[in-house]
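Chains A and B are the protein sequences, given in the same order. All residue numbers for the first sequence refer to the working numbering, where the first residue is 1 and numbers rise by one. All residue numbers for the second sequence refer to the working numbering, where the first residue is 1 and numbers rise by one.
Just so you know, the hints here were simulated from the structure itself, not pulled from any lab data. Owing to the predicted nature of the structure, the values given are computational and were not obtained by experimental measurement. There's no promise every hint is true.
Said to hold, decoys possible - Mimicking DSBU-like on lysine-lysine, the simulated pairs with C-alpha atoms at most 35 Å apart in a straight line are: (1) Lys-443(A) to Lys-476(A); (2) Lys-445(A) to Lys-389(A); (3) Lys-64(B) to Lys-89(A); (4) Lys-34(B) to Lys-80(A); (5) Lys-54(A) to Lys-64(B); (6) Lys-8(B) to Lys-218(A); (7) Lys-89(A) to Lys-52(B); (8) Lys-80(A) to Lys-64(B); (9) Lys-64(B) to Lys-128(A); (10) Lys-80(A) to Lys-8(B); (11) Lys-295(A) to Lys-64(B); (12) Lys-343(A) to Lys-393(A); (13) Lys-64(B) to Lys-32(A); (14) Lys-52(B) to Lys-295(A); (15) Lys-89(A) to Lys-8(B); (16) Lys-35(B) to Lys-89(A); (17) Lys-32(A) to Lys-239(A); (18) Lys-242(A) to Lys-32(A); (19) Lys-35(B) to Lys-80(A).
Unchecked claim - Simulated restraints on C-beta separations: (20) Pro-56(B) to Pro-132(A): 36 to 42 Å; (21) Arg-308(A) to Val-50(B): 48 to 54 Å; (22) Thr-133(A) to Pro-56(B): 41 to 47 Å; (23) Pro-73(A) to Arg-68(B): 20 to 26 Å; (24) Asp-287(A) to Pro-76(B): 44 to 50 Å; (25) Glu-24(B) to Arg-274(A): 17 to 23 Å; (26) His-253(A) to Ile-51(B): 39 to 45 Å.
As the list claims (entries may be wrong) - To give an idea of the chain B side of the interface with chain A (calculated C-beta under 10 Å), a few residues: (27) Val-3; (28) His-5; (29) Leu-12; (30) Glu-13; (31) Leu-14; (32) Val-44; (33) Tyr-49; (34) His-53; (35) Gln-54; (36) Pro-56; (37) Arg-58; (38) Glu-67; (39) Ile-74; (40) Ala-75.
The C-beta atom is built at its ideal place from N, Cα and C for all residues, glycine as well.
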Amino acid sequence: MGYETVIGLEVHCQLLTDSKLFCGCSTDYIGKEPNTNVCPVCLGLPGSLPVLNKKALEFALKAAIALNCEILPYSHFYRKNYFYPDLPKAYQITQYDIPVGRHGWIELPYSHKRIGITRIHLEEDAGKLVHPTKTGRIEHATYSLVDYNRAGVPLIEIVSEPDFSSPSEAREYLMELRSIVQHLGISDGNMELGSMRCDANVSVHREGEGLGVKVELKNMNSFKALERALNYEVERQIKLIKSGGRVEQETRHWSEPEKKTISLRGKEEAQDYRYFPEPDLLPIYVDEEILESIKSDMPELPANRRKRFVSMGIGEKEASIMVIEKSIGDYFEEAVKYFGDAKSIANWILGDFLGELNRAGLEIQDSRVKPHQLGRLLTLIKDGTISGKIAKKVFSIMFDTGDDPDEIVKREGLVQIVDRSEIEKVVEEVLSANPDAVESYRKGKANIFNFLVGQVMKATKGKANPNVVRDILQKKI
Amino acid sequence: MDVRHIAKLSNLELTEDELREMEEHFNAIMEYFKKLSSVDTERVEPTFYVIKHQTPMREDRVEKGLEREDVLGIAPHTEGGYIRVPRIR
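Work the whole structure out from these sequences, hints included.
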């Protein structure tokens, strides 16, 4: 009998505001000296009062609109109480019964499956803890160090319905979600740097039976890690059930180095957050005016952008990859301004360019090759100045130096040879150097022809125009 | 009222005597709430806020916070710019 998997995701995205959710401290905390980015409000000092950042609310509403949510005309904040030193106030200001938006959905780009969005709400981030130990293991630490620079940074939490039936669907959703927040300009969605974080609920059950016990998974810091963790956990649960065991309701952490999920907490009392309405803030009323002004300011979303890219002449799959990261789509559109053949631009970006970027560990916007230079390179191919093969070499130099393609072609002497007499000379040389090949071609071995073309190209260091080479060879042989 | 549970959530250690004392206080408070609960609120919307105004909002502008020495100055223990706390189990 088969097993079915049920997965739901909870995603946190840091909002790209300049200041924190309830105070004027900067949200730019990465790499800063600890505790240099705090004030009485985010430290929860007595007598201080939080004041909502208007932009953070607008960003949350944007997300709710983009995810097809019902926007609630009234919502408010709660205190979620728990005793942990990453929260200086001993509570987190978050939302509870009435979030900013609920009952939304998102359509997955490849499988076209519709995934329900349970809710989107606003909340503040916590500080960071460091557990200094010689072993690096938290259970060996005798004390912890706290840095509150991140405390109070605005987050949206996006909770999905348990609509995923496989780890790959969950990953597809997370990538689409990241693309959406990037296109909205409300979060950079960087999982490695923690500006996008994902927890998962996973359960398995035998086909036709009721839902299994769900396990919460944490600490997946990349898309790959998410998929790996989910696959591991599904396997673990199925094995456990098959061997007559029972899945415990618990929280497990994904260990990337060990490639497994680990139960860190033993049996724990049910969480008791004692939520109550935040008395330091008043309710949020979202009226038509606010909503209309946000709706009128909505940028193009990935789904539409994909369609538009397809209408520009590139394949559906290529269009999807181009939209996974907003910056790649932006680069593509900019380059197309300089060279109108969108398909060629896309092929170059998805081929050589992404390859070089991966090798160098760079993002496309940090590349030395600018969109107009890529456009120029393709123009040089089109007008016959260089061959496609030489262009790859030129591109590689562009990637390393950032120099203009024209300059590289000139400097390296890479201009294509189109002069017939010059190519004819090389063809004759090649033919007389390969009498056996010529002989077997004449006896009917047609594929020898390509070998001979290759020899001519080699002799000209790839600079001969291949069409001219073919033409001359055909006549001479 | 499980005082022990509430104490644990707040990371407080109470002696048996303190627990008994707290239990008395808690029970007195709970009795009071029972009295409130006896009121028929069937058709009354919950009142989370007595003021029905939009919460005041601020523009997204960065303002200077506290100096680090002032922040660390109010912490009982510090180390290398961090606030040092007992490990939480």
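Hints, one by one, checked against the model:
1. Lys-443(A) to Lys-476(A): Cα-Cα ~15 Å, so holds.
2. Lys-445(A) to Lys-389(A): With a Cα-Cα distance of about 26 Å, the restraint between Lys-445(A) and Lys-389(A) holds, given a limit of 35 Å.
3. Lys-64(B) to Lys-89(A): holds, 20 Å
4. Lys-34(B) to Lys-80(A): It holds: about 24 Å lies between the C-alpha atoms, which stays within 35 Å.
5. Lys-54(A) to Lys-64(B): Roughly 19 Å between the alpha carbons, so the hint for Lys-54(A) and Lys-64(B) holds.
6. Lys-8(B) to Lys-218(A): With a Cα-Cα distance of about 24 Å, the restraint between Lys-8(B) and Lys-218(A) holds, given a limit of 35 Å.
7. Lys-89(A) to Lys-52(B): holds, 26 Å
8. Lys-80(A) to Lys-64(B): The given pair, whose Cα atoms are some 27 Å apart, holds under the 35 Å limit.
9. Lys-64(B) to Lys-128(A): Given pair Lys-64(B), Lys-128(A) holds - Cα atoms ~21 Å apart, limit 35 Å.
10. Lys-80(A) to Lys-8(B): holds, 16 Å
11. Lys-295(A) to Lys-64(B): holds, 33 Å
12. Lys-343(A) to Lys-393(A): Status holds; Cα separation ~20 Å.
13. Lys-64(B) to Lys-32(A): Holds. Lys-64(B) to Lys-32(A) sits at ~14 Å (cutoff 35 Å).
14. Lys-52(B) to Lys-295(A): Cα-Cα ~26 Å, so holds.
15. Lys-89(A) to Lys-8(B): holds, 17 Å
16. Lys-35(B) to Lys-89(A): holds, 31 Å
17. Lys-32(A) to Lys-239(A): At roughly 45 Å apart (the allowed maximum being 35 Å), Lys-239(A) and Lys-32(A) break the hint.
18. Lys-242(A) to Lys-32(A): violated, 50 Å
19. Lys-35(B) to Lys-80(A): Since the Cα atoms of Lys-35(B) and Lys-80(A) sit roughly 26 Å apart, the hinted pair holds (cutoff 35 Å).
20. Pro-56(B) to Pro-132(A): 36 to 42 Å: holds, 41 Å
21. Arg-308(A) to Val-50(B): 48 to 54 Å: Distance hint for Arg-308(A), Val-50(B) holds at roughly 51 Å.
22. Thr-133(A) to Pro-56(B): 41 to 47 Å: holds, 45 Å
23. Pro-73(A) to Arg-68(B): 20 to 26 Å: At roughly 42 Å between Cβ atoms, Arg-68(B) and Pro-73(A) fall outside 20 to 26 Å, so the hint is violated.
24. Asp-287(A) to Pro-76(B): 44 to 50 Å: Since the Cβ atoms of Asp-287(A) and Pro-76(B) sit about 47 Å apart, the hinted range of 44 to 50 Å holds.
25. Glu-24(B) to Arg-274(A): 17 to 23 Å: Because 21 Å falls inside the window, the suggested range holds.
26. His-253(A) to Ile-51(B): 39 to 45 Å: holds, 43 Å
27. Val-3: violated, 14 Å
28. His-5: Where the cut-off is 10 Å and the nearest Cβ of chain A is about 7 Å from His-5(B), the hint holds.
29. Leu-12: Because about 9 Å separates Leu-12(B) from the closest Cβ in chain A, which is inside the 10 Å limit, the hint holds.
30. Glu-13: For Glu-13(B), the interface hint is violated, since the closest Cβ of chain A sits about 13 Å away, which is over 10 Å.
31. Leu-14: violated, 15 Å
32. Val-44: With a minimum Cβ separation of about 16 Å from chain A (threshold 10 Å), the hint on Val-44(B) is violated.
33. Tyr-49: holds, 6 Å
34. His-53: holds, 5 Å
35. Gln-54: Since the shortest Cβ distance to chain A is 5 Å, the answer is holds.
36. Pro-56: With a minimum Cβ separation of about 6 Å from chain A (threshold 10 Å), the hint on Pro-56(B) holds.
37. Arg-58: holds, 5 Å
38. Glu-67: Holds: closest Cβ of chain A sits about 9 Å from Glu-67(B), inside 10 Å.
39. Ile-74: holds, 8 Å
40. Ala-75: holds, 9 Å
In terms of the numbered hints stated before, the structure departs from hints 17, 18, 23, 27, 30, 31, 32, listed from lowest to highest.
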